[in-house]
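Asker: One-letter residues, chain by chain:
2 protein chains.
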Amino acid sequence: MTKFENISRLSLNQITTERWNLQEAVDGCIRNNVPSIAIWRHKVKDLGLSACKKIVRDSGIQVSSLCRGGMFPAATAIERKERIEDNLRAIDEAVELGTNVLVLVCGPASDKDIVEARKQVEEGIQEILPYAKSAGVKLGIEPLHPMYAAERSVIVTLGQANSMVEKINNDHLGVIVDVYHVWWDPQLYEQINRAKGRILGFHVSDWTVPTTDLLMSRGMMGDGVIELRRIRDAVDQTGYDGPIEVEIFNREIWDMQGDDVLALMKERYLEHC
Amino acid sequence: MTKFENISRLSLNQITTERWNLQEAVDGCIRNNVPSIAIWRHKVKDLGLSACKKIVRDSGIQVSSLCRGGMFPAATAIERKERIEDNLRAIDEAVELGTNVLVLVCGPASDKDIVEARKQVEEGIQEILPYAKSAGVKLGIEPLHPMYAAERSVIVTLGQANSMVEKINNDHLGVIVDVYHVWWDPQLYEQINRAKGRILGFHVSDWTVPTTDLLMSRGMMGDGVIELRRIRDAVDQTGYDGPIEVEIFNREIWDMQGDDVLALMKERYLEHC
Chain E
460 MTKFENISRL
470 SLNQITTERW
480 NLQEAVDGCI
490 RNNVPSIAIW
500 RHKVKDLGLS
510 ACKKIVRDSG
520 IQVSSLCRGG
530 MFPAATAIER
540 KERIEDNLRA
550 IDEAVELGTN
560 VLVLVCGPAS
570 DKDIVEARKQ
580 VEEGIQEILP
590 YAKSAGVKLG
600 IEPLHPMYAA
610 ERSVIVTLGQ
620 ANSMVEKINN
630 DHLGVIVDVY
640 HVWWDPQLYE
650 QINRAKGRIL
660 GFHVSDWTVP
670 TTDLLMSRGM
680 MGDGVIELRR
690 IRDAVDQTGY
700 DGPIEVEIFN
710 REIWDMQGDD
720 VLALMKERYL
730 EHC
Chain C
460 MTKFENISRL
470 SLNQITTERW
480 NLQEAVDGCI
490 RNNVPSIAIW
500 RHKVKDLGLS
510 ACKKIVRDSG
520 IQVSSLCRGG
530 MFPAATAIER
540 KERIEDNLRA
550 IDEAVELGTN
560 VLVLVCGPAS
570 DKDIVEARKQ
580 VEEGIQEILP
590 YAKSAGVKLG
600 IEPLHPMYAA
610 ERSVIVTLGQ
620 ANSMVEKINN
630 DHLGVIVDVY
640 HVWWDPQLYE
650 QINRAKGRIL
660 GFHVSDWTVP
670 TTDLLMSRGM
680 MGDGVIELRR
690 IRDAVDQTGY
700 DGPIEVEIFN
710 REIWDMQGDD
720 VLALMKERYL
730 EHC
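Read top to bottom, the protein sequences are chains E and C. Here the first sequence is numbered in the working numbering, starting from 460 and rising by one per residue. Here the second sequence is numbered in the working numbering, starting from 460 and rising by one per residue.
Calculated from the structure, these hints are not laboratory results. Predicted model only: the values in this text are computed from it and were never measured. Mixed in with the good hints there might be a few duds.
Any copy, or any two copies together, can satisfy a pair, since identical chains are not distinguished.
Derived SDA-like pairs (lysine to any residue); straight-line CA-CA distance at most 20 Å [said to hold, decoys possible]:
# : residue 1 : residue 2
1 : Lys626    : Pro589
2 : Lys626    : Glu649
3 : Lys571    : Glu686
4 : Lys725    : Phe708
5 : Lys571    : Thr667
6 : Lys571    : Ala693
Using the sequences and the accompanying hints, generate a full structural model.
Answerer: Here you go:
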């Protein structure tokens, strides 16, 4: 397992510096030599799309992905149609911001029928794929940790995401591997290997113990129990050589000065990823 | 999917009435016509094994299982040996309390190497199986929800438990299906079917939304998003006709009067299971 010698693949997922707006986050990356950023749509909304487009262009920063499309299941056909429309707008925003990856957080079920919700996810992806392809944007299904199955995503394992990607079989559809969501999976390494050629993004953070919160217990790399380099090595062995996003929801990190977060992130990335 | 007409398969998992000691819990079950109870070892320790044995015998209640053995992985051989010894004592206690099922919560890794920890679990089970068999006690591997992978169990899916049971292939080894731990699994129904003839227990509760806590967010059946009857039906279709334990960690339920919990549990069992 090889250690990185530089941060050429490092990307700041914007949620890690949650208090910064996009201008501040981009400036922070430039100041700290972080070559890429992953952008969240609610942050784009804060400053406006055209302003954000200018911020990105003027800075010369790479945009590793836009987060997020998805949220397909809904109780009625009208609502599902609205979700589709929102995904098409997300694809437009990805184009404007200069990234070719839209991360899909696929959404929870609208009732107790999780099997039906999974069908609605598949149908939703099928529906937006032609538009994504014509826009040159790839859709990355991000399986979330099973503890989010009721509230955020009925897609909960890399195996399940792989099966959907293979079934739909479109060169603009792939998967996002986030260590926090998949580290526990007994099939992890075989499913990473199975995703060969379809991995559109790789996200790192850590799983802290004791785990006190479902959302805010992610830690900085090295502060938890995840075998980061082993997983990164498996992902790299599939041929993936794209950006590695640091995506951390953590109140203490959010309360730190942004530049301190970036310095710590760079150090830990080199030490643990 | 058939509805139950009586509570003949209902068992109170003792943790659901956490404030009751074993005497109170058994008395409560008898008073409320609940035919079975699942006993926790820390509750046995509170009153002493021989007193608990007498309480159970005098009452005539059935004991659906003893919770829990397991916790196999440890940093050193000496510690792992201590865990084995503790499991042998748990088997003894199961015999004394008149149950033939010991639930295994297999334990977390002692370091970051979850793959190695899983080997240690398998070795631990292999080591205690001859003793269990000679005592007439069956060992039920309970896969826990992946959110407990770092702190309670490296066995996190029914598929993983099934693979281990098939590999070891001993008629005194099987699986425990707990809806709270497995409801999210895309392979749920195929893995329940695969467990045919090896299911040693079935636990019910519910997954409440919004999910505010990793441990204490279990709800009473009907208060959450789990398709209970669909899962129960799948378990029954394997031929399982044993006890159905209600196992709920929930502060509000723990703060209720025990008899009120049992009344509600009976009502919800008939309505949702």
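Asker: Checking each numbered hint in turn, tell me which of them this model violates, lowest number first.
Answerer: Hints that this structure does not satisfy do not exist here, as all of them hold.
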